[in-house]
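Kindly produce the complete structure, drawing on both the sequences and the hints.
Sequences listed follow chains E and U, in order. Okay, so the first sequence: first residue is 1 according to full-length UniProt numbering, each after it adds one. Okay, so the second sequence: first residue is 1 according to full-length UniProt numbering, each after it adds one.
Note that these hints are calculated values from the structure, not bench results. Among the clues, some could well be false.
Which copy is meant is left open, because identical chains are indistinguishable; a pair holds if it fits in one copy or across any two.
Straight-line C-alpha distance at most 27 angstroms; calculated DSSO-like pairs for lysine-lysine [claimed, not checked]: (1) Lys113 <-> Lys242; (2) Lys32 <-> Lys77; (3) Lys179 <-> Lys91; (4) Lys113 <-> Lys36; (5) Lys211 <-> Lys77; (6) Lys223 <-> Lys91; (7) Lys77 <-> Lys113; (8) Lys179 <-> Lys71; (9) Lys164 <-> Lys32; (10) Lys179 <-> Lys77; (11) Lys242 <-> Lys32.
Just so we're clear, the structure is a prediction, and the values are computed from it rather than from any experiment.
Protein chains: 2
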Amino acid sequence: MRYKVTIAYDGTNFAGFQRQPNQRTVEGTVTKAVNKMAHSERIEVFGSGRTDSGVHALGQVVHFDFPFDLKEINMFKALNSLMPLDIEIIKVEKVADDFHARYDVSGKKYVYKVYLGEFINPFKRFYTAHWRFPVNLDSINVALQDLIGEHDFTSFVASGSTAKSNIRTIYNATCKYDKVENELEFEFYGNGFLYNMVRIMVGVLLEIGSKYRDEHDILRLYKVKNRDQARRTAAACGLYLKKVYYKGEDPEHPTKLPYR
Amino acid sequence: MRYKVTIAYDGTNFAGFQRQPNQRTVEGTVTKAVNKMAHSERIEVFGSGRTDSGVHALGQVVHFDFPFDLKEINMFKALNSLMPLDIEIIKVEKVADDFHARYDVSGKKYVYKVYLGEFINPFKRFYTAHWRFPVNLDSINVALQDLIGEHDFTSFVASGSTAKSNIRTIYNATCKYDKVENELEFEFYGNGFLYNMVRIMVGVLLEIGSKYRDEHDILRLYKVKNRDQARRTAAACGLYLKKVYYKGEDPEHPTKLPYR
Chain E
1 MRYKVTIAYD
11 GTNFAGFQRQ
21 PNQRTVEGTV
31 TKAVNKMAHS
41 ERIEVFGSGR
51 TDSGVHALGQ
61 VVHFDFPFDL
71 KEINMFKALN
81 SLMPLDIEII
91 KVEKVADDFH
101 ARYDVSGKKY
111 VYKVYLGEFI
121 NPFKRFYTAH
131 WRFPVNLDSI
141 NVALQDLIGE
151 HDFTSFVASG
161 STAKSNIRTI
171 YNATCKYDKV
181 ENELEFEFYG
191 NGFLYNMVRI
201 MVGVLLEIGS
211 KYRDEHDILR
221 LYKVKNRDQA
231 RRTAAACGLY
241 LKKVYYKGED
251 PEHPTKLPYR
Chain U
1 MRYKVTIAYD
11 GTNFAGFQRQ
21 PNQRTVEGTV
31 TKAVNKMAHS
41 ERIEVFGSGR
51 TDSGVHALGQ
61 VVHFDFPFDL
71 KEINMFKALN
81 SLMPLDIEII
91 KVEKVADDFH
101 ARYDVSGKKY
111 VYKVYLGEFI
121 NPFKRFYTAH
131 WRFPVNLDSI
141 NVALQDLIGE
151 HDFTSFVASG
161 STAKSNIRTI
171 YNATCKYDKV
181 ENELEFEFYG
191 NGFLYNMVRI
201 MVGVLLEIGS
211 KYRDEHDILR
221 LYKVKNRDQA
231 RRTAAACGLY
241 LKKVYYKGED
251 PEHPTKLPYR
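Structure (structure tokens):
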């Protein structure tokens, strides 16, 4: 029986999502719990994709095949009871045997939070990036329009990416200012994101917002195809994987990821 | 020159506020920074009162005498630059030589946050208590009225208290439900609070909200003067020292703390 499981986690104390020997990872922790439940050592857990150490998730998705047919509610409760306090199981669904958490992704939505106070806020230090320069939200919104659509994101991919193509489509990109929290909240929805792509985009957007770059510098970055020109990678702790979309879930963007 | 300094801290990784040998405490950290600035080892830092390990502050207040006359803004920046990421200096004021952070307190305001989700939320695990039972907010609001006024809080004080009197006055006590966060937020404003008093009150209030106690059980607890009957102490991590009031700051409640 195949299960699709949606999970949230605080990435602070994980060495990222992906299983690694002798490291505390999200995938490793979930894999251990699932195998413990089944008295097995062989069940593999497949995630929608990796997140780096310090990156959070509100709606990461994994799938695995379980040897018994457990009701969704029972799997939900059993898994939650086996999770450490920094992982929460949000949803459990039985799915068809050919569902794949990674290959069936049609889109992903990320949130990126930036605290704008003069000093780091003790309560936000693991949950937002920090930017202490004045920011013009209008400039950021102009720049965000340059991100929407299909582009070659070679300037926005970290070394170490194994993607064959750097072309991705961004469906929507927004930025709101929350006055109470004194935070910028970016949201990016696209058919896929390259390694560190959101964090590099946010680095560029903040520099545009603070007038260290032209409003349309992103168009230049598309052309130069040079990651060094994008400079900084915004901190991992501001990034949240908010939602993973699967085939058919969003009627406007129903297609499978066309790139690898 | 005497300085009054308002500070916020995330209490998670501190062994409480009060200085202790070989422990990481808030008072110890601030004392070290102030002495470093002055190339001294003798400056003492006085807080408005202690907070336990795990308890947070949005507006704790300390005072100290500094050997040089630094502008407030310079003291503010210098102190902040010497703070670890879990302490933030909020405000620096020069005050009269007879101002005392502890003895001149006229009132304190505490916030207590309770997350009501079925499972612990990874992002709130250090910043809220967790209560998984259904809660009736109306019952809590009825019970809160019994707290307001001058009462003998002997049933609400933890062993280890060194207070000579257990009589305190609560000026205001409220509880709001935040639907987006699925949290209860209690606020208590009074002329002083005994050791663990807020956490014991919240334990009782949650039990009233979930019908494990009568709505007016607090009146009974005043009479029995027996801490065991109040049972649970709500978790430290839900508690925030929000504001410390000094003589004259609140015209409705301008008096000095009359009890020790």
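So, going through the hints one by one against the coordinates:
Taking the shortest Cα distances, Lys113 and Lys242 sit within 27 angstroms of each other both inside one copy (12 angstroms) and across copies (24 angstroms). Taking the closest pair of Cα atoms, Lys32 and Lys77 come within 27 angstroms of each other only inside a single copy of the chain (16 angstroms); across copies the shortest separation is 47 angstroms, beyond that limit. Proximity of Lys179 to Lys91 under the C-alpha cut-off of 27 angstroms is restricted to the inter-copy arrangement: shortest distance 20 angstroms between copies versus 32 angstroms within a copy. For the identical chains of this complex, Lys113 and Lys36 are neighbours neither inside a copy (36 angstroms) nor across copies (34 angstroms), given an alpha-carbon limit of 27 angstroms.
Taking the closest pair of Cα atoms, Lys211 and Lys77 come within 27 angstroms of each other only across two copies (25 angstroms); inside a single copy the shortest separation is 50 angstroms, beyond that limit. For the identical chains of this complex, Lys223 and Lys91 are neighbours neither inside a copy (42 angstroms) nor across copies (47 angstroms), given an alpha-carbon limit of 27 angstroms. In this assembly of identical chains, the alpha carbons of Lys77 and Lys113 lie at most 27 angstroms apart only when taken from different copies (25 angstroms versus 31 angstroms within one copy). In this assembly of identical chains, the alpha carbons of Lys179 and Lys71 never lie at most 27 angstroms apart, being 44 angstroms within a copy and 29 angstroms across copies at closest.
In the homo-oligomer, the alpha carbons of Lys164 and Lys32 never lie at most 27 angstroms apart, since the shortest distance is 32 angstroms inside one protomer and 53 angstroms across protomers. Within a single copy, Lys179 and Lys77 get their C-alpha atoms only as close as 37 angstroms, which misses the 27 angstroms cut-off; across copies the closest is 23 angstroms, which meets it. For the homomeric pair Lys242 and Lys32, the shortest alpha-carbon distance inside one copy (24 angstroms) is at most 27 angstroms, but the shortest distance between copies (41 angstroms) is not.
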